[in-house]
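Chains as they are written, first to last, in numbering that gives the first Met the number 0: chain A, 0 to 267; chain B, 0 to 267.
Hints in this document: simulated from the structure, not taken from any laboratory.
Worth double-checking, as some hints may not be accurate.
[Said to hold, decoys possible] Stretch-level coverage of chain B by chain A, calculated; a stretch enters the list once three of its residues show a Cβ under 8 Å from a Cβ in chain A:
1) 165-173
2) 195-209
3) 214-224
4) 236-245
5) 253-261
[Unchecked claim] Within a straight-line C-alpha distance of at most 25 Å, the following computed DSS-like cross-link-like pairs (lysine-lysine) qualify:
6) B:186 with A:186
7) A:249 with B:209
8) B:104 with A:249
C-beta: ideal position from N, C-alpha, C; glycine also.
Number of protein chains: 2
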Amino acid sequence: MEIIGEKINATRKNIENAIRERDASFIQDLVRKQAEAGANYLDVNSGMPLYPEEEADDFAWLVPLIQEVADIPICIDSAYPLVIETALKLHQGRAMINSVNGDPKSMESIFPLAKQYECKVIALTSSREAGIPSNSTGRLKVAEKIAKEAQHHGIPLENIYFDPLVLPLSTDHKNAAVFLETLREIKASLAPARTISGLSNISYGLPKRKRVNHAFFVLAVECGMDAAILDPTDREIMAMVPVTELLMGKDPDCAEYLIAYREGRFNI
Amino acid sequence: MEIIGEKINATRKNIENAIRERDASFIQDLVRKQAEAGANYLDVNSGMPLYPEEEADDFAWLVPLIQEVADIPICIDSAYPLVIETALKLHQGRAMINSVNGDPKSMESIFPLAKQYECKVIALTSSREAGIPSNSTGRLKVAEKIAKEAQHHGIPLENIYFDPLVLPLSTDHKNAAVFLETLREIKASLAPARTISGLSNISYGLPKRKRVNHAFFVLAVECGMDAAILDPTDREIMAMVPVTELLMGKDPDCAEYLIAYREGRFNI
Numbered sequence: 000m001e002i003i004g005e006k007i008n009a010t011r012k013n014i015e016n017a018i019r020e021r022d023a024s025f026i027q028d029l030v031r032k033q034a035e036a037g038a039n040y041l042d043v044n045s046g047m048p049l050y051p052e053e054e055a056d057d058f059a060w061l062v063p064l065i066q067e068v069a070d071i072p073i074c075i076d077s078a079y080p081l082v083i084e085t086a087l088k089l090h091q092g093r094a095m096i097n098s099v100n101g102d103p104k105s106m107e108s109i110f111p112l113a114k115q116y117e118c119k120v121i122a123l124t125s126s127r128e129a130g131i132p133s134n135s136t137g138r139l140k141v142a143e144k145i146a147k148e149a150q151h152h153g154i155p156l157e158n159i160y161f162d163p164l165v166l167p168l169s170t171d172h173k174n175a176a177v178f179l180e181t182l183r184e185i186k187a188s189l190a191p192a193r194t195i196s197g198l199s200n201i202s203y204g205l206p207k208r209k210r211v212n213h214a215f216f217v218l219a220v221e222c223g224m225d226a227a228i229l230d231p232t233d234r235e236i237m238a239m240v241p242v243t244e245l246l247m248g249k250d251p252d253c254a255e256y257l258i259a260y261r262e263g264r265f266n267i
Numbered sequence: 000m001e002i003i004g005e006k007i008n009a010t011r012k013n014i015e016n017a018i019r020e021r022d023a024s025f026i027q028d029l030v031r032k033q034a035e036a037g038a039n040y041l042d043v044n045s046g047m048p049l050y051p052e053e054e055a056d057d058f059a060w061l062v063p064l065i066q067e068v069a070d071i072p073i074c075i076d077s078a079y080p081l082v083i084e085t086a087l088k089l090h091q092g093r094a095m096i097n098s099v100n101g102d103p104k105s106m107e108s109i110f111p112l113a114k115q116y117e118c119k120v121i122a123l124t125s126s127r128e129a130g131i132p133s134n135s136t137g138r139l140k141v142a143e144k145i146a147k148e149a150q151h152h153g154i155p156l157e158n159i160y161f162d163p164l165v166l167p168l169s170t171d172h173k174n175a176a177v178f179l180e181t182l183r184e185i186k187a188s189l190a191p192a193r194t195i196s197g198l199s200n201i202s203y204g205l206p207k208r209k210r211v212n213h214a215f216f217v218l219a220v221e222c223g224m225d226a227a228i229l230d231p232t233d234r235e236i237m238a239m240v241p242v243t244e245l246l247m248g249k250d251p252d253c254a255e256y257l258i259a260y261r262e263g264r265f266n267i
């Protein structure tokens, strides 16, 4: 299971302020905390500046700043190819791009960058044309189109992380089932492509969200989720990782589980 | 999801004492608590008296005692046909028998009773000949044999609750995966037969058992478990029921989940 730390995201006010004010120690503290908690990538989203040039400036400041304190690749979370390219030029090691979707325009601008920099790419199973299809068949169709186009650009499928898109249960009680079905189908028909998700949207609008999120995490892993975008400093959700891998039969001698226990990772 | 309350089990010392001393109020208190907590059946196991006749006496005392305070069927948990028959004669409504297995002798003694009293029957996917098969194929084979024999006795498959048998992860890290695979295969090939399990054995010998048990519950429901033998007064595990059913797409408008929330069932 790969963990993409979600905390450097300027849609949260205090992060936005830190980026605008170039508060290096605030950002580097978030980097260290997520790296220590076990993140394999750090998602970086600088919010929505008025101009892409401004967002590119943010990334030009953020990328070296982050890599100065942790040897951990960045997941470049931006809508603009200009921003992504700026970040990739400065990035050490293989970055991840967040994200491409099924629009021809999106694929035409992102895939050449992904090819040139040998990146991994998060691919959303949506497009302007199809929207977010309401069933797994529709989402799989978008994924297949993206997979074909990626291969056409010479990008190996194992570098594509499909995100089947989580919509809240509060708007449709079938949303978790559709997501899990899509995960299963992508794994069955597009391997070695990988799967990824930010899961917490599932419980939006419901009370006691954590219970729903934790159980959803377990089910998503069982259905083939390879990576998750989450807060790695949330010890409760991180404790679900060794538990779930143990239950999937992936932990010989329960070794990883027992290490997690001895390190106190279950003492929450 | 059907819940079989597990608390009236004389392998626990205080229950054994209450049965030996015919402490009616102690037993009836356990009945009330489990019924109020949402049990659909109450498992009753009077321990291991030296003679079946003694165990039959226990049940002759227990069955009317239990049914006096709660209108809830009993799951008669005994190895002896004599005991089961004694209980069935006194039981009001349709009981459940715990259990039959793949041995011809077991089926020949249990199925006629199940037919006569129109009972439900828990069927273990093991036999003296096969033991507990180490893989799902072997367990499914035992289940198929039991299903065939049940139908031969005129017992409809929906009255059979297959228990794919949980062995601890601490003895083999594949034990959860084999169990879940067996669950899936039974549901796929023996429907409308049902499935049942006492799940907690999975974490035997491990630290922090609850985390493992809760995640295992979620996975088992996803793989098709219809009923669980557990402690219904354990509010944490009971809270997993509405959460999991919501995530399976079985709770329109999140109605049951919101009722559970409003009733304070998540305030643990």
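Status of each hint after checking the structure:
{"no.": "1", "hint": "165-173", "verdict": "holds (count 4)"}
{"no.": "2", "hint": "195-209", "verdict": "holds (count 4)"}
{"no.": "3", "hint": "214-224", "verdict": "holds (count 5)"}
{"no.": "4", "hint": "236-245", "verdict": "holds (count 5)"}
{"no.": "5", "hint": "253-261", "verdict": "holds (count 4)"}
{"no.": "6", "hint": "B:186 with A:186", "verdict": "22 Å, holds"}
{"no.": "7", "hint": "A:249 with B:209", "verdict": "19 Å, holds"}
{"no.": "8", "hint": "B:104 with A:249", "verdict": "38 Å, violated"}
Going down the numbered hints, you'll see the structure goes against just number 8.
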